[in-house]
Amino acid sequence: MKRKLFVATLCASMVVGMVAAPASVKAEESKGLIGVAMPTQDLQRWNQDGENMKKELESKGYEVDLQFAGNDVATQVSQIENMIANGDQLLVIASIEGDSLGTVLAQAKEAEIPVISYDRLIMNTDAVSYYATFDNYLVGKTQGQFLVDALDLDNQDGPFNIEFVTGDPGDNNVNFFFGGAMDVLQPYIDAGKLVCPSGQMTKDEVATANWATETAQARFENILSSYYADGTNLDAVLASNDSTALGVENALAANYTGEYPIITGQDCDIANMPNIIDGKQAMSVFKDTRTLASKVVEMVDAIMQGGEAPVNDTETYDNGTGVIPSYLCEPVAVTVDNYKEMLVDSGYYTEDQLQ
Numbered sequence: 005m006k007r008k009l010f011v012a013t014l015c016a017s018m019v020v021g022m023v024a025a026p027a028s029v030k031a032e033e034s035k036g037l038i039g040v041a042m043p044t045q046d047l048q049r050w051n052q053d054g055e056n057m058k059k060e061l062e063s064k065g066y067e068v069d070l071q072f073a074g075n076d077v078a079t080q081v082s083q084i085e086n087m088i089a090n091g092d093q094l095l096v097i098a099s100i101e102g103d104s105l106g107t108v109l110a111q112a113k114e115a116e117i118p119v120i121s122y123d124r125l126i127m128n129t130d131a132v133s134y135y136a137t138f139d140n141y142l143v144g145k146t147q148g149q150f151l152v153d154a155l156d157l158d159n160q161d162g163p164f165n166i167e168f169v170t171g172d173p174g175d176n177n178v179n180f181f182f183g184g185a186m187d188v189l190q191p192y193i194d195a196g197k198l199v200c201p202s203g204q205m206t207k208d209e210v211a212t213a214n215w216a217t218e219t220a221q222a223r224f225e226n227i228l229s230s231y232y233a234d235g236t237n238l239d240a241v242l243a244s245n246d247s248t249a250l251g252v253e254n255a256l257a258a259n260y261t262g263e264y265p266i267i268t269g270q271d272c273d274i275a276n277m278p279n280i281i282d283g284k285q286a287m288s289v290f291k292d293t294r295t296l297a298s299k300v301v302e303m304v305d306a307i308m309q310g311g312e313a314p315v316n317d318t319e320t321y322d323n324g325t326g327v328i329p330s331y332l333c334e335p336v337a338v339t340v341d342n343y344k345e346m347l348v349d350s351g352y353y354t355e356d357q358l359q
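Per the working numbering, the sequence shown starts with residue 5, numbered consecutively.
Hints listed in this document are in silico derivations from the structure and should not be mistaken for laboratory results. Check each hint, because a few of them may be wrong.
Stated by the list, open to error - Simulated restraints on C-beta separations:
1) GLU312 <-> GLY183: 27 to 33 angstroms
2) ASP356 <-> ASP130: 44 to 50 angstroms
3) GLU345 <-> THR325: 37 to 43 angstroms
4) VAL315 <-> ASP356: 34 to 40 angstroms
5) GLY324 <-> ASP161: 40 to 46 angstroms
Computed from a predicted structure; not experimentally measured. Glycine included, each C-beta is placed from N, C-alpha and C at the ideal position.
Based on the sequences and whatever the hints tell you, model everything.
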């Protein structure tokens, strides 16, 4: 690290010594204080991400300042300001909105505090040192290809009716999830094999604020009443994640009597797993957050020891100020056929949790 960061680290260590350390790490033994800023506790995956990372960092000898912002941008900004003021020596941030942190991260850069953007790329600031995520374009392609295979679009003429639901417009990952899926599906749309009765096909039209289940459900109830009330069959729904897929499934349960559609998802949320097991959701893209947390801990450790973090992508993720060196973990599709192997046998869930 630069001399300035070394001095800041010494000062930070003095501050750390005056605050209560987690029980598992004594302050005097700490290798440093790491700030971890997560968007919300309302979605299961962020709880898992935050707790997994905290546990692994503490096992490496770090103190961890883990904060959840309740999906409120002002709260997240305030939390990060406090992390900087309290002497956190490195920040891991999963942003609520990709464009909302430029001002506060300028303070981090001035203090020479490295920043790892976690899962969601922080946009339009040169304060981001690294990015750690899953291959989000591959997530979308996996979802799109699943629908192609399930509908046998290479051999069937259709037309098949499809609707689209994606996530929060302020989340840069939506560009990759939705873009990857549409790159797979667009040729079949152009050929007339896939038809969208609602006509809602652009990212902005199909976005879901805060990835909220209730918001997705309300929109889909309107789609069903407007375009499928006459008995028209809905064949497929591209849902970018499980919370939005659950909204679709809730709307279908209340307002749809046709043949059940093929529905995609992402994250293997506990709330969705009974629907996958019962055949109401065809798949979910599994992103083992333990893998991502472990990689981020490895990146943190390398940086804190004065080295460079391991990366495997230096071309894809441009945040508006340049390409951010990234580490991409690989996602996999989970269905009723392999969920036990992927989720239960691996120890991610117990069988009881999925009933």
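(Q) Are any of the numbered hints broken by this structure? If so, which, sorted upward? (A) Going through the list in order, the structure violates no hint and respects every one.
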